[in-house]
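Residue numbers (this note's numbering), protein chains in the order written: chain D, 1 to 146; chain E, 1001 to 1161.
Do not rely on the hints blindly, as some may be mistaken.
To be verified - Straight-line C-alpha distance at most 30 Å; calculated DSSO-like pairs for lysine-lysine:
#1 Lys1120/E with Lys52/D
#2 Lys52/D with Lys73/D
#3 Lys1075/E with Lys73/D
#4 Lys118/D with Lys1075/E
Claimed, not checked - To give an idea of the interface, some chain D residues facing chain E are shown, with a C-beta separation under 8 Å as derived from the structure:
#5 Ile12
#6 Ile13
#7 Ala16
#8 Ser17
#9 Phe23
#10 Ile26
#11 Ala47
#12 Thr49
#13 Asn53
#14 Tyr91
#15 Arg115
#16 Asp120
#17 Thr132
#18 Leu134
#19 Leu137
#20 Ala138
These are computed hints drawn from the structure, not numbers from a lab. All figures in this text were calculated on a predicted structure; none of them were measured in a lab. From the three backbone atoms N, C-alpha and C, an ideal C-beta is built for every residue, glycine too.
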Amino acid sequence: MKIIRQRKSEAIIPTASMADIAFLLIIFFMVTTVHDVDRTSINLPSAVTRQKNEQGSAMVVLWKQSDGELIYKFSDGKEQSSVVRGPGDIYLEASRLTFNNKDKQFVIKADHDIRYEKIDEIMDNLRKAGATNLLLLAHGKSEEKG
Amino acid sequence: MKLDRKSEAPEIPTASMADIAFLLIIFFMVTAVFSATKGLELKLPSDDEQEQREVEEEEAVFIHVYGDHLLVDCKPMEVADILPYLQPKLIRDAQKHVILYTDSEAKYGRMIEVYDELAKTKVAENPYPFTVKNISIPTQSEVQNFIEIFGSNPFETHCQE
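The following block holds chain D by itself, in its conformation from the complex:
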């Protein structure tokens, strides 16, 4: 008996679920994306007992460059952070914010390697500006960069 050879079917990559996968990825990125006010990559100190920062918190960034120079940045929580001259400018900016909102949260994002006196200077200026609510940004024990 002659066996009839079935017609060869063409090789096709199944694309039926491609749109589902694509939209799944879109939803994932939409949910996880944070449009941050500061994107400076800093080696944050690590901590276990961390609290989430409040929405729209102001941010003070202390970033030590590779040549050892310290860069200060400030963001009011709405605009992207920009470089400021030093603690004096941070005092002025913070005073403006606390004048409108006494409970405004200030986040300090600083390199773990910085000498404490620089952080102390910032905390002192924030306190003088009327800030009472601080958050010292830290990554979890297993994370690396912030």
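Here the structure of chain D is known, so what remains is to put chain E in place on it, guided by the hints.
Chain E alone, transformed into the frame defined by chain D:
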């Protein structure tokens, strides 16, 4: 002659949907920042609270961070030993102040390590039977004010007595 009208079912054109979807994916992948948004909370005293905050030395536990070292009530200690040391003191007096004084030369990361250790008693999974409620972190200007009034740094002369 009668013309046959072809009746086609109306369709939403989906040919470009995959392109749009991938364009959106690329946009979100490029703009996504998985940033750190968590940290340690710290309450700074307001100016009106400042006067009421005077704490007698005997009422407080002093933690002095200098370099990589640590003195707790003038005794050299490791970070992991702080809470067991505080336990009997804070069980006796739950309101006892803990003063965390960090030297100018010490690293910020070291101060956070000690502060994080104290904050472990404030979380829900606190393994200790007490909470460190009052943590004071004096700034250098507060210390300077003290020096102007009393003539010495209480945190440096404290252990020499």
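Hints, verified against the model:
no. : hint                    : verdict
1   : Lys1120/E with Lys52/D  : holds (16 Å)
2   : Lys52/D with Lys73/D    : holds (21 Å)
3   : Lys1075/E with Lys73/D  : violated (38 Å)
4   : Lys118/D with Lys1075/E : holds (27 Å)
5   : Ile12                   : violated (16 Å)
6   : Ile13                   : violated (13 Å)
7   : Ala16                   : violated (11 Å)
8   : Ser17                   : violated (11 Å)
9   : Phe23                   : holds (6 Å)
10  : Ile26                   : holds (5 Å)
11  : Ala47                   : holds (4 Å)
12  : Thr49                   : holds (4 Å)
13  : Asn53                   : holds (5 Å)
14  : Tyr91                   : violated (12 Å)
15  : Arg115                  : holds (6 Å)
16  : Asp120                  : holds (5 Å)
17  : Thr132                  : holds (5 Å)
18  : Leu134                  : holds (4 Å)
19  : Leu137                  : holds (4 Å)
20  : Ala138                  : holds (5 Å)
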